[in-house]
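Participant: Residues per chain, in single letters:
2 protein chains.
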Amino acid sequence: MEPKEYRSSIMERRKEVLASLGNLGAKIYEQIDRGFFPSIEMPSRSTENIYYDPKFRQYILGDKRVKRSARNIRHLKPFAQLVWTALFSYELTSQRKTSTLRDVYYSAQAYEMTFKDQQESNNIITDLETVLGFSREDFNIFPEERSAVFGDLTISYTVPGYEGKTLNLTSHPDGVMIGPALTSADFVETSADKVIAIEKGGLFTRFIEENVHKKFNAILVLTAGQAPRATRHFIGRLNRELRLPVYVFTDGDPWGMHIAMVIISGSANAAHLRDLTTPDAKWSGVWATDIVNYKLPTDPLDEIDMKRLYELQKDPRYKEDPLWQREIKTFMKIKRKAEQEAFSRYGLTYIVDEYLPAKLEETK
Amino acid sequence: MEPKEYRSSIMERRKEVLASLGNLGAKIYEQIDRGFFPSIEMPSRSTENIYYDPKFRQYILGDKRVKRSARNIRHLKPFAQLVWTALFSYELTSQRKTSTLRDVYYSAQAYEMTFKDQQESNNIITDLETVLGFSREDFNIFPEERSAVFGDLTISYTVPGYEGKTLNLTSHPDGVMIGPALTSADFVETSADKVIAIEKGGLFTRFIEENVHKKFNAILVLTAGQAPRATRHFIGRLNRELRLPVYVFTDGDPWGMHIAMVIISGSANAAHLRDLTTPDAKWSGVWATDIVNYKLPTDPLDEIDMKRLYELQKDPRYKEDPLWQREIKTFMKIKRKAEQEAFSRYGLTYIVDEYLPAKLEETK
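So the protein sequences, as listed, match chains A and B.
Using numbering that gives the first Met the number 0, read the first sequence as starting at 0 and increasing by one per residue.
Using numbering that gives the first Met the number 0, read the second sequence as starting at 0 and increasing by one per residue.
Just chain A, same shape as in the assembly:
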């Protein structure tokens, strides 16, 4: 099935997920009723079927398909595992309980369904995403929480016990966690006109303390390193539903650059999904050229950093915008990296008073 277009109502989306899981079950029953061995077809996720698509500005799957049939003895186990995972996901979603990848692996034992290891169960969950075109967060399998948000956005919860309750995301000045309740909430109202995503907790706290949310009308998102998928989905919703431009601030090194890229264009692992990306988001810094222009304190790039730069240079996502190639080349030339905190050499508020407005203007 084709990945789903975005829908604004969370409740509607949940209904679609349940209908989609119900259909999968109905098809299997139908095949059995008609005397056939049941089978499930889905796009192949093998490397040779993954392409970068400039239109979607992300990796997508090609036309190759695979079939899991109960007729084939080698398919029988993964077929049963996939059907069990669909059943378990249906239970989670309809009972509105959430789970983690790890929990799913252990839960299988309660049903006498065996997975060799967690890698095997993770892989079957990705199969189910591919079959349905929904991401696992849609059927309530969430990553561990670690990212946070702060800013003038009022949300309305849809989780049990909180239906219709609202919260303004400036209520707690350390920020609130981005977990199942937040990601399944509807957006009610905002005065913000942009989203600023930040890699590190120290800077997130600084931005709140310096009233960046007010001075720049911004919703602040802490990615806490590589943004978890639920956070990328949330950033995407802020961009699509509220039409807010997104600016990403990371450390000035290949890893920070790639944190921004994965928010913008996603990863090859999620080529079977659509709404985890925010193609119009901007990487606003710390660029290699910022390191030079702002004379930042630096550390040398080590061998692993350099190897990573060569990989990124060849990556199709890094060929979309000449900015990326320019910055990669500058990193290679200066052979230095700098952290976001390095701006503190000019005083704690320099990053907010000088750097941030300059970069927001430059990457508008």
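Treat the hints with caution; some may be incorrect.
Since the list gives no way to pick one copy over another, a pair counts as held whenever it fits inside one copy or between any two copies.
Said to hold, decoys possible - Below are the BS3-like pairs computed for lysine-lysine, each with C-alpha atoms no more than 25 Å apart in a straight line:
1) Lys96 / Lys214
2) Lys115 / Lys334
3) Lys306 / Lys318
4) Lys313 / Lys14
Keep in mind that the hints were calculated from the coordinates and are not lab data.
It should be emphasised that the depicted structure is a prediction, and the values quoted were computed from it without experimental measurement.
Please build the complex by placing chain B on the supplied structure of chain A, with the hints as guidance.
Facilitator: Structure of chain B alone, referenced to chain A:
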């Protein structure tokens, strides 16, 4: 100076911190006025001056003292660094801005104060803690946020822009971050009669979803691995100010066991401080004996796990309560470990329905 006894009012504590920093400065001026080379004395933090104290149930510093004098050419740089750090901390605290260890390192450059590397600046910050008897969070140098809290506790903020505003910590069902605003808030009201600290995000979410906060009248704290110091301080405040017993749930392995121990008895690194520990907190599981009794799915203990067990066996903190030695021996015997999520083999809610009430009763 002796570590400070706990004070309930956050504002009063801030005044004390500022007074203490002011005194340090005044003493230095006085010495100079009287024609002496200025010097600063503090307890030695060298290994031979760190003792386990059964009364405090934590490591403390002994009687050995060290002196940093501007008269000694080798002391001159660390003396200046310490005085600068006190100045910077005074600015932070009086302007009510926060900073991170990393920010302090870079900020020094704005003052033309040089540190060889971050290790050197971290070390000087610890010196300042030792001199003052306050922890760095008291003078507004915070770790990065990553832990969270959820439960019926109403807090009143003291941070700028939020003075006197209150928030009930059930407002956001994914939990709110434990950062500078939360840790500096006063406690107003709670219906909770216990605190449950949890190592992992997946289980924290499960507990909220299953209404553990209501069913067990509990405030839930996510430590997100080893609890950051600000979180240990917060847990300690819940215990001392609200007189709530604290139960800690971790993975069933030496690392989980030690997460609980550090909440209870602190670390040798913080022997110069007092209020980061919660000596009456209980480690409620996952014990090695739980792995046996509940027949949990396990993984083998590897060499590093076993080595860690031998270290812990000899650690004086692990000799306080026979529970620890029994569990260490059981781990060594079964040579297996289990995660908190392993209970999902009996269904997602088994951990809340069966295990949690049994263990709360057992460790009461």
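Participant: Is it within, between, both or neither when you check Lys96 against Lys214 at 25 Å Cα-Cα?
Facilitator: between (39 Å within a copy, 17 Å between copies)
Participant: Can you tell me if Lys306 and Lys318 fall within 25 Å by alpha carbon in one copy, between copies, both or neither?
Facilitator: within (18 Å within a copy, 48 Å between copies)
Participant: Give the relationship of Lys115 and Lys334 under a CA distance limit of 25 Å: within one copy only, between copies only, both, or neither.
Facilitator: Between. Shortest inter-copy distance 21 Å satisfies the 25 Å Cα cut-off; intra-copy 44 Å does not.
Participant: For Lys313 vs Lys14, is the C-alpha pair at or below 25 Å within one copy, between two copies, both, or neither?
Facilitator: Intra 41 Å, inter 57 Å, cutoff 25 Å: neither.
Hint 4 alone, counting from the list given before, is not met by this structure.
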